[in-house]
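**Student:** Produce the complete structure using the sequences and hints provided.
In order, the protein sequence lines correspond to chains R and D. Quick note on numbering: this note's numbering labels position 346 of the first sequence as 346, and the sequence is numbered without any gaps. Quick note on numbering: this note's numbering labels position 260 of the second sequence as 260, and the sequence is numbered without any gaps.
Hints are computed from structural coordinates only; laboratory data are not their basis. Hints may be right or wrong, so weigh each one.
Unchecked claim - Facing chain R, a subset of chain D residues (Cβ under 7 Å, in silico):
| no. | residue |
| --- | --- |
| 1 | L172 |
| 2 | A175 |
| 3 | R177 |
| 4 | G180 |
| 5 | C181 |
| 6 | P193 |
As the list claims (entries may be wrong) - Computed list of lysine-lysine pairs in DSSO-like fashion (alpha-carbon distance at most 27 Å, straight line):
| no. | chain 1 | residue 1 | chain 2 | residue 2 |
| --- | --- | --- | --- | --- |
| 7 | R | K132 | R | K151 |
| 8 | D | K170 | R | K20 |
| 9 | R | K132 | D | K170 |
| 10 | R | K151 | R | K101 |
| 11 | R | K101 | D | K170 |
| 12 | R | K151 | D | K170 |
Even glycine gets a Cβ: it sits at the ideal position worked out from N, Cα and C.
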Amino acid sequence: MGQVSLQGIRKNYAEVSVIKGIDLEVQDGEFMVFVGPSGCGKSTLLRMIAGLESISGGELRIDGVRANELRPADRGAAMVFQSYALYPHMTVAENMGFALKMAGVPKQQRAAQVGRAAEVLHIVELLARYPKELSGGQRQRVAIGRAIVRKPAVFLFDEPLSNLDAALRVSMRTELSRLHKELATTMIYVTHDQVEALTLGNRIAVFNQGHIEQLGAPMDLYHRPANEFVANFIGMPNINLIDRPDSASAAHLALWEALQGSATVQRIGLRPEHLHLAGQGIPALVVLAEHLGDSSILHLQVEGVNGLLKAKVVAGQCITGQMVCIAPDASRVLRYDVDGRLMESGGNS
Amino acid sequence: MKLLNRQTEQLSSWAAYLLVGTGALLMLAPFYFMFVFATHSRTEIFSLPPPLFIGDDFLANLEILTSRMPFWRNLGWSLYVAIASTALTLLFCSMGGYAFAMFQFRFKNMLFALVMATMLLPSFMNMIPTFMIMDMLGWIDQPRALYIPGAASAFGIFLMRQSVAATIPKDLIEAARMDGCGEFSIYLRIVLPLLRPALGTLGLITFIASWNNFIGPLIVMRTPEMYTLPLALRSLQSPVNTEWGALMTGSAIATLPLVVLFVLSSRQLISGLTTGAVK
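**Tutor:** Set out below in structure tokens:
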């Protein structure tokens, strides 16, 4: 079991409110990702679930039991820290078995459990080493191993991959997915990296300024972001947000018309992959062409439109400084009202 | 030009070696002569030229020393006081330093400033109050009067606080909390092992200070049987009849524990134990 229920969870530091009433149900065996910009409160909430931060208001239940006042070790949660937090004076085996030792598990049983976890993570040969003798990826595995050994109801990950290099991050991401399938345990994962969020999570909670902007499956968040914040935060490169025209620019008006903006629409969102190059259409200047190998990101200047539009196109079609014509895929536009909320009729199919 | 530069570099290197070597010799000379004089009689010590090499009067000097004072008993008290002092200082200072570095509590900064302010008082200002307090407690002529008052030194707390802040990441403490450690268990199982280099340094400083303490025992110790070594050896000296050979023998023996301690603790002084803890 590993059901986590948050009801009206709040956190205040003196007068400052950093978590503003979170309601969330994390199902048993679910991989829940908290994502958001720095300072949005996602790590604080994770630490509140872990018991490392006190809860100012609301109720936290783990497997139906009120956990607000429980000691961290009694909540049935294990945490993997961003910094790994391995005890430097203990070997890998001692690090992994430390929680069991504290729980009074006999030495032989401890060794057996550590051995099993080490096999799962392919770190059996590292058991006698000290943390300083390990690489970053190995330390991360040990940190995960330390969590696994406890057989927790919930795993809590606080940006566990952010200290790894890009290649290792990709392989550890795959490893984490495999582990989740293998262990079938609830995992709550904090990251500011949307790629990690989209690839790992069953559901994603997008945080902003202490509250959840949107909760949903990765592709729902990508295709139907509930507001401009989520639309802008999820997706790389960022979504194009095009304002209603307030000038007499013909190009801007033509673009708005092509996007099928109505009178109540304040802004239109369009993913870069839905803005195409065309033989005829709205004229745009390629301010910068970023070639990524399989594709190119074009930064386009359309007369009258604030900021640059981005288009993701097949690689090598354009060069910087070239004039092109663009045509949006009107069926994929996202229409937002004056408050930045997604309009019901504006979603794509 | 390159050759000239290399020659200048070599020359300055030799000059530096010469300077450091001379300094080292000057520092070592008193120790060398202490050990040499410990093996010569008073007459030989004051002959011209003075003896430069080991003699054969060590046992005779030792006999004079032990006949004039309860030397081995004094040595025992010195050891007892130094060990007790060191153990208590390490315990209380590490606890205090850990608390100041890691916990949040009311008046924390004010309390720390108060502890630090005690370092500003010149030590001689404490002499009379210390004597009065020890007298009130009935601790005069008792070793506890030497190791209890300094058990939680401001310097020790400061050193430990800085070491905790510099070497122990907060994540480690939180990981231990997640692993089921209580606060004292965290201190015992995580903090203390990681503070070993700092504890080694503080232990060495405290042991040496206690071992060489002259003023403290002078204030609170009354009977020669209770003297520690610095006080006892001082009692050998008189304006007309000082047994210099015996005095040097006593001093040489008194130096040996410090040498042994330094050799044993030098490994602890090497820092870098936390390498690999985080990131």
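**Student:** Could you work out which of the previously given hints the structure breaks and list their numbers from low to high?
**Tutor:** none
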